[in-house]
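Chemist: Make the full structure from the sequences, and use the hints.
Residue numbers (the numbering used here), protein chains in the order written: chain A, 1 to 992; chain B, 1 to 187.
Honestly, the hints are just simulated from the structure, not real lab data.
Since this is a predicted model, take the numbers as computed values, not measurements.
Hints are not guaranteed to be accurate.
Unchecked claim - In silico negatives: residues of chain B with every beta carbon more than 10 Å from chain A:
1) T4
2) N6
3) D31
4) T51
5) Q64
6) L71
7) R77
8) L87
9) T127
10) D131
11) A156
What the hints assert, rightly or not - Here are the computed distance ranges between Cβ atoms for each label pair:
12) B:K172 <-> A:S522: 53 to 63 Å
13) B:K172 <-> A:G643: 52 to 62 Å
14) B:A69 <-> A:R864: 16 to 26 Å
15) B:D7 <-> A:P955: 51 to 61 Å
16) B:R89 <-> A:A29: 49 to 59 Å
17) A:G643 <-> B:A69: 34 to 44 Å
18) A:K14 <-> B:G126: 15 to 25 Å
19) A:S662 <-> B:A69: 42 to 52 Å
Note that the Cβ used here is the ideal one computed from N, Cα and C, for glycine as well.
Here is how the chains run, residue by residue.
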Amino acid sequence: MSDDELEKLAAAMKNISPSKAARKSGMEAALAAFDAEFETETVVVTETAEEKISTTNQGMADAPRPTGQTIGTGPVASLGRDAMSRVKEFFTFKPKTMMMMGTCAAALFATSLYIPNTRFEEMPKPVTEAVTAKVGASEVKAVEIGEVETGVGTDAFSEMKQLDPSVSGVPAPATDPGILSAPKRVEPTMRTPVNTETEGKTVDGTERSTIRIDNSVPTVETTKSKTADVDATARNEAITAPPSKTHSAEAVMPERPSNVVTIERRILKSPARTMERVAPAVPKVVTRRVIKTPASTVERSVPAVTKQETRRVAKGDGTFETVTETVLVQPATVEYVTIPPTYETIEETVVVQEASTELVTLPPVYETVRETVKINADGSSEVLSSDVVPSAKESAVEMASVSELALTDRTDSASVVAEAEADGLAKDTISPPSYMLAEAEADEIVVTGAKRKSRRATRRSKRAEKAAVPSFAPPPPSVLSVPLESKSAEIGKLPPGARYVERVIPAVTKTRTRRVVKTPASTQERVIPAITKDVTVQVLTEDGTYKDVTKTFVIQEARVELVTVPPVYKTITETVVVDEGMTELVAIDAEGNVIQPKNFVKPPKPKPRPQSGLLTAGDYDDVLNPDLYKVYLDKMLQGQLKGKDLPYVDASERVSIRVVDSLGKPVPLADVSLKTSRGAKMFPLRTGADGMAYLYPNYDSLESGIRVKVSAKGARSVTKRLTRKLIKNGGDIVVDLKMDSAPVQALDLLLTIDATGSMGDEMRYLQSELKAIVGRVEKANPGVDIRTGLVVYRDKGDDYVVREIPFTDDIEDFRASLAEQYANGGGDKPEAMHTALQTGLDMEWRKDALKINLLVADAPPHDRYLDETWEAGLMSRRKGIHIVPLAASGVDKTAEFVMRAMAQITGGRFLFLTDDSGIGNSHAKPTVDCYVVTRLDGLVTRVLSSLIRGERVEPEASDIIRSVGNYRAGTCAIEEQDIPSSIQTVSYKYRQ
Amino acid sequence: MLDTENDEALAERAASGEAAAFRELLTRHYDRVFRVAYGILQDKSEAEDVTQEIWAAMPKKLRQWRGQAKLTSWLHRIALNAAKDSLRRAATRARTAEGYAEIESLSRAETADTQTRLTWLQTALGTLSDDLRETAVLTLSEEMNFAQAADVLGVAEGTVAWRMSEIRKRLKILASKDDGLAQEALA
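Modeler: Structure, rendered in structure tokens:
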């Protein structure tokens, strides 16, 4: 059903009204109800007043009750209303009240924060810092406790536990600071005697001592190990807790063989990791000459040349008379004078080396652990204590390695820049003025006949074209075989035998080199073997002798390290045009000598025939960058587009539904339907070729319990429920279908083109590009049955608003239809985009085909039709039509916003023309974070192929003309600091 | 003054007992409520009754109105719910009698053209399910955008979009099958 028909239907619906009588009686009834409703209230209020006056009479038995007063109801109702109104008034927003309340709340909050802080300040220092244990071999040991508090036992316990690893198996003390901070303080400083019993040597050579702490400190049995003299320092370490600042202990041990050894081992604290380092693009400023004002012709009148002639004329009477006559020597003519073109030198920034992301490996961080190990006679061992050895050296090394990396980075960049500058000096020299150079080499083409053409010129033209295309310059002027002989009479007067010829001045080109990434940086794994150490100790055996026992310790475990392989660059050479080519007319004589080299030029030449590959464009994938899309929304909705009621979805918290088959391959075109927990149907979706469909929790009014049913041809459907967590945080749902999925086999490609006058510059070029693109897509995706359709649109008041060409599989038909279109009309900037999209929706799309709508436009829809445009986007989403907008010349921010919103919701991609080609009007710079510029035909081919295959197709490095930002396979990495601080991340309310 | 005041301000004043404000609201929106009711009920007299009931209850309801939504959205929601309730009640009645009453009312249409359109419209809307019909009423008759309709219906905007495409599809099928009535109605 068309829009017109629907409008008529809507008009019919709007015309329906109740009968006059019904309306009248309905209104009267309503008014009566209103009176009744508010009459009651008025009476009640009056009665309340009366009540106040007649209070004294209330208790009198014979006093008449005021008329109309209902028993109890009136005052109660009134009181309720009054109370309610007061409550309402209280909660009504009043700035002053709110400020006061806010201040109070803030004060209370600060106080609540302040109290615990004070409490912590008053807390005694942790016991670990206050305890000093002096342990003598056989003397009374004292524990100096700076501050002992009741209830501090838990802490003391933990201290003891650190002191002696044998204290285990006791439940770990609570470490809640709230509990620790609570104890009642007894004594600020107290010295507690400790009774220590020295026990006899045990079989394994350890010495046992018992430390008893009275009252508050629970009795703890401490086992101290006497170390062998393997390592003098280790002995002390073995009996002390971590040496940092917890304890200092002194032990005097008798020297004798021991089976206790101290081993230092390196333990991995944090594994090696890689991080991305961005090598920025290296720009270079180059200059080139472009025509500022093209050569033109000025008409100049050449006055007639006369001369006075005196002659004698015989009279009839035989006499002579002298007559003076003015004789025309040369009649008046019109001459065309050539004003040569003016040039200007423009500066451009080109990327000599594209930005790239490299991976650098940060080395793993180790910590050294000193362990005291007891080796038993049977070769087994047990760890008695374990301390972390602080190593300033290690951290210094780590820092040094990071600094080294940074230094390398700088050096690398610096060398690249230096190289680029050197390139610039060597190769960026501008040639002498091409006009002069070209003249010397100019080819001459005789244009006396329409069909004759210089072979040499053709060859040169082809060569020029070949050279120009890779550099994306305008095509060299083609040699036009126009019958200029006939025109020559109009242009000027030539001597006999002379004729005009068109002279081609070829473009001046130069070669330029730049570096592109050939192989990106990567990481490789390297296995570092374990380091072991054999330790031999003497162990006292049961028979009283010592025997040597050798134990192998792993000092450092085997590990895998990541090694970064730097990227490989290659230098590519391009040919660029520094001076554009042109043609001019010269007159030559019979011998071929130029007789009037400068005074005649051909009238303005027609625009060059459009050639595929001349337009350049970039793209941005908002679906792939949902968080950055949110940043873009923030920027726009708080900035340039603030206050505009524009449609959008916030994709940063989306729920992604990924449908895969038995082998984990994506299932294209699967049906996804949603039902609420109450069974109400929501909207259906379709997966793209990548098997993905997206839901936006707020926008789609998602609630927990919603059932997502996924079905596809040849598989049993699977239903999943949305959970509250998923809706709140976003995330993925993976749906496995028991099937073997097939790739996309059919494509319906609709081209929706704005054909208004503002598109005139690009229209012809686009026609040419699109013709080529369809051919390329067919070639790139063999076996895919492609149908193409066309919708061209203008605006109300033009020749037509929308014109459609139904889908066809005959590409020639389509090409012919497309070629018939031309740009015209328009006027005010916004166009009838909404009607075009709606028309596109109504076309006959195949159910089993992938659907793409390539929307080429340079203007947004009218503000009043924004809703309709967005709604067409929503319906496209529902039908599984990917909208791929292509922003043409001069697209404004509103148009970009609407286009990107539609691409986002339909899983499309936003494309935009760039100025790199120099064709058409200046193209607006998009508000995107990163992109690469390539030829438009290549870009569209890649985007369509990506959508067909369900995976990104990236350009070859040699196809990239320019790179902006940190582009990496469609994703952009931007740092937090790159986001303007004035932008706030907010949740916007969806419009209504 | 009253006629330029926005709906929400009028509603607030009506809620505080100002009869003139209520009268203005009545004048502005009586037919709107009727259209919604008719769209759902497809019965003129039934819709008139429901409209009258809604407006008679309005003074009380206005007290509950907190101004958190647009008044028209609120009215639409009330009208929609009331009409759906009425439809459920009417389901027990004999269909034939309803049809007869409707034909009677249609016969009173002012012009033949209107009558044709109304007949087709009723047929068209009759083919739609309740969900689709109420969506059609809001978006077509009340010219609401999808977001507004979604708000009134309490569904997602995407759901309205889907329903609208369903409506278009079904009406298109209906128009193609029609024996000229649609062409005449939509000419």
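Chemist: Each of the hints needs a verdict: does it hold here or not?
Modeler: A quick look at each hint next to the structure:
1. Remark: the non-interface label on T4 of chain B is consistent with the geometry, its nearest Cβ contact in chain A lying 21 Å away (cut-off 10 Å).
2. Annotated as non-interface, N6 of chain B keeps its C-beta farther than 10 Å from every C-beta of chain A; the closest such distance is 16 Å.
3. With a closest Cβ-Cβ approach of about 5 Å to chain A, D31 of chain B is found to fall inside the 10 Å limit, against its non-interface label.
4. At the 10 Å boundary, the C-beta of T51 of chain B falls inside the reach of chain A, the nearest C-beta of that chain being 6 Å off.
5. Distance to chain A confirms Q64 of chain B as a non-interface residue, since its nearest Cβ pair spans about 12 Å, more than 10 Å.
6. With a least CB separation of 13 Å from chain A, L71 of chain B remains clear of the 10 Å interface cut-off, as annotated.
7. Consistency note on R77 of chain B: stated as away from chain A, and its beta-carbon is indeed over 10 Å from all of that chain's, at 13 Å minimum.
8. Distance check on L87 of chain B: its Cβ is at least 17 Å (rounded) from any Cβ of chain A, clearing the 10 Å threshold; non-interface status holds.
9. Here T127 of chain B stays apart from chain A, with its beta-carbon at least about 13 Å from theirs, past the 10 Å limit.
10. Against the 10 Å criterion, D131 of chain B falls within the reach of chain A, whose nearest CB is about 7 Å from its own CB.
11. At the 10 Å boundary, the C-beta of A156 of chain B falls inside the reach of chain A, the nearest C-beta of that chain being 4 Å off.
12. As the Cβ distance of K172 of chain B to S522 of chain A is approximately 56 Å, the hint placing it in 53 to 63 Å holds.
13. Checked against the hint of 52 to 62 Å, the pair K172 of chain B and G643 of chain A fails, with Cβ atoms roughly 38 Å apart.
14. Evaluation of the 16 to 26 Å hint for A69 of chain B and R864 of chain A yields a pass: the beta carbon distance comes to about 23 Å.
15. Here the CB-CB span from D7 of chain B to P955 of chain A is close to 55 Å, well matched to the stated 51 to 61 Å.
16. Range check, R89 of chain B to A29 of chain A: Cβ separation about 20 Å, and the 49 to 59 Å hint is violated.
17. Under the hint 34 to 44 Å, the C-beta atoms of G643 of chain A and A69 of chain B, about 21 Å apart, miss the expected range.
18. The given range of 15 to 25 Å is respected by K14 of chain A and G126 of chain B, whose C-beta atoms sit roughly 19 Å from each other.
19. S662 of chain A and A69 of chain B have their C-beta atoms about 49 Å apart, which keeps the hinted 42 to 52 Å range intact.
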